[in-house]
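S.K.: Each residue of the sequence shown is one higher than the last, beginning at 57 in the numbering used here.
Since the hints were derived computationally from the structure, they do not count as laboratory data. Hints are not guaranteed to be accurate.
Here are the simulated DSS-like pairs of lysine-lysine, each with C-alpha atoms no more than 30 Å apart in a straight line [claimed, not checked]:
(1) Lys151 <-> Lys139
(2) Lys214 <-> Lys203
(3) Lys214 <-> Lys113
(4) Lys151 <-> Lys203
(5) Lys113 <-> Lys139
(6) Lys214 <-> Lys151
(7) Lys214 <-> Lys139
(8) Lys113 <-> Lys151
(9) Lys203 <-> Lys139
These figures come from a predicted structure and were not determined experimentally.
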Amino acid sequence: ETSYNITRRIEAEETTLGVAERVITSTQHEIEQQYGLYDFYQPDRMRVIPPGTDMEKFFPPQRNENDSDITRELERFLNQPDKPIILALSRPDPKKNIVALIEAYGESPRLQQAANLVILAGNRDDIQDMENISRAVLNEILLAIDKYDLYGKVAYPKHHRPENVADYYRLAAASGGVFVNPALTEPFGLTLIEAAACGLPIVATGDGG
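Model the full assembly from the supplied sequences, consistent with the hints where possible.
M.R.: This is the structure we're talking about:
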């Protein structure tokens with residue numbers, strides 16, 4: 057409450073929903089599961105317009121994706137960088153459930169033998185300088201990697217630029233890998249659309265858009 061002023065925010069949203077002539081959402085799930093909790097729930101005024109993606113930016117591999125700066129960055133972490141890539145991309149948030157993906161990978165020697173795991177969990181200089189929630193998630197990620205002794209099998213770069221995200225998708229696609237979104241719930245899942253546009257197979261949980 058102190059950090060996010062939830063009560064005030066909900067009151068403002070109730071007021072807005074009460075006077076809005078049209079509410080645009082990204083999924084039917086959002087209409088039913090999110091807006092359905094409000095007193096001014098008026099589904100007849102709501103319409104779904106799914107987000108799209110830029111097909112000029114997100115497209116399948118068309119060249120040797122292994123010759124790039126991001127490849128060299130990942131090679132710093134991986135003992136066998138030529139393996140297929142299991143890619144995960146999200147902000148460091150508990151709802152994104154990245155630690156569960158690491159645990160699943162850590163519990164499967166067969167999966168470790170078959171593929172590397174690459175985690176892009178935001179950008180950081182020093183974990184100690186991050187906000188509390190993000191810092192806690194990053195600490196859990198590092199502890200899970202250590203618990204299963206996944207050094208040399210998991211890459212977790214400190215930085216990635218927004219303009220390079222499509223390159224990561226294409227690198228994973230060219231490697232014969234997959235993109236995993238293990239979020240507990242996902243209102244839409246734009247990263248899934250982006251990954252698919254880059255020719256990368258996707259794996260996702262069943263809750264959300």
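S.K.: Sort out whether lysine 139 lies within 30 Å of lysine 203, counting only the CA atoms.
M.R.: Given that 30 Å is the threshold and the Cα spacing comes to 22 Å, the pair holds.
S.K.: With the threshold set at 30 Å, check whether the alpha-carbon distance from lysine 151 to lysine 139 stays at or below it.
M.R.: holds (28 Å)
S.K.: For lysine 214 and lysine 113, compute the direct alpha-carbon distance and say whether it is at most 30 Å.
M.R.: Holds, at about 23 Å.
S.K.: Below or equal to 30 Å on CA atoms is what counts here, so check lysine 214 against lysine 139.
M.R.: With Cα atoms ~21 Å apart, lysine 214 and lysine 139 stay inside 30 Å; holds.
S.K.: Has the given pair, lysine 214 with lysine 151, been kept, meaning a C-alpha gap of at most 30 Å?
M.R.: holds (20 Å)
S.K.: Starting from lysine 151, check that the Cα of lysine 203 is at most 30 Å away, please.
M.R.: holds (21 Å)
S.K.: Within 30 Å, alpha carbon to alpha carbon, are lysine 214 and lysine 203?
M.R.: Measuring from Cα to Cα gives roughly 20 Å; hence the hint holds.
S.K.: Straight-line Cα separation of lysine 113 and lysine 139 no greater than 30 Å?
M.R.: The given pair, whose Cα atoms are some 25 Å apart, holds under the 30 Å limit.
S.K.: Within a Cα-Cα threshold of 30 Å, do lysine 113 and lysine 151 meet the stated pairing?
M.R.: Holds, because 27 Å separates the two Cα atoms, which is no more than 30 Å.
Consistency note: the structure conflicts with none of the earlier hints.
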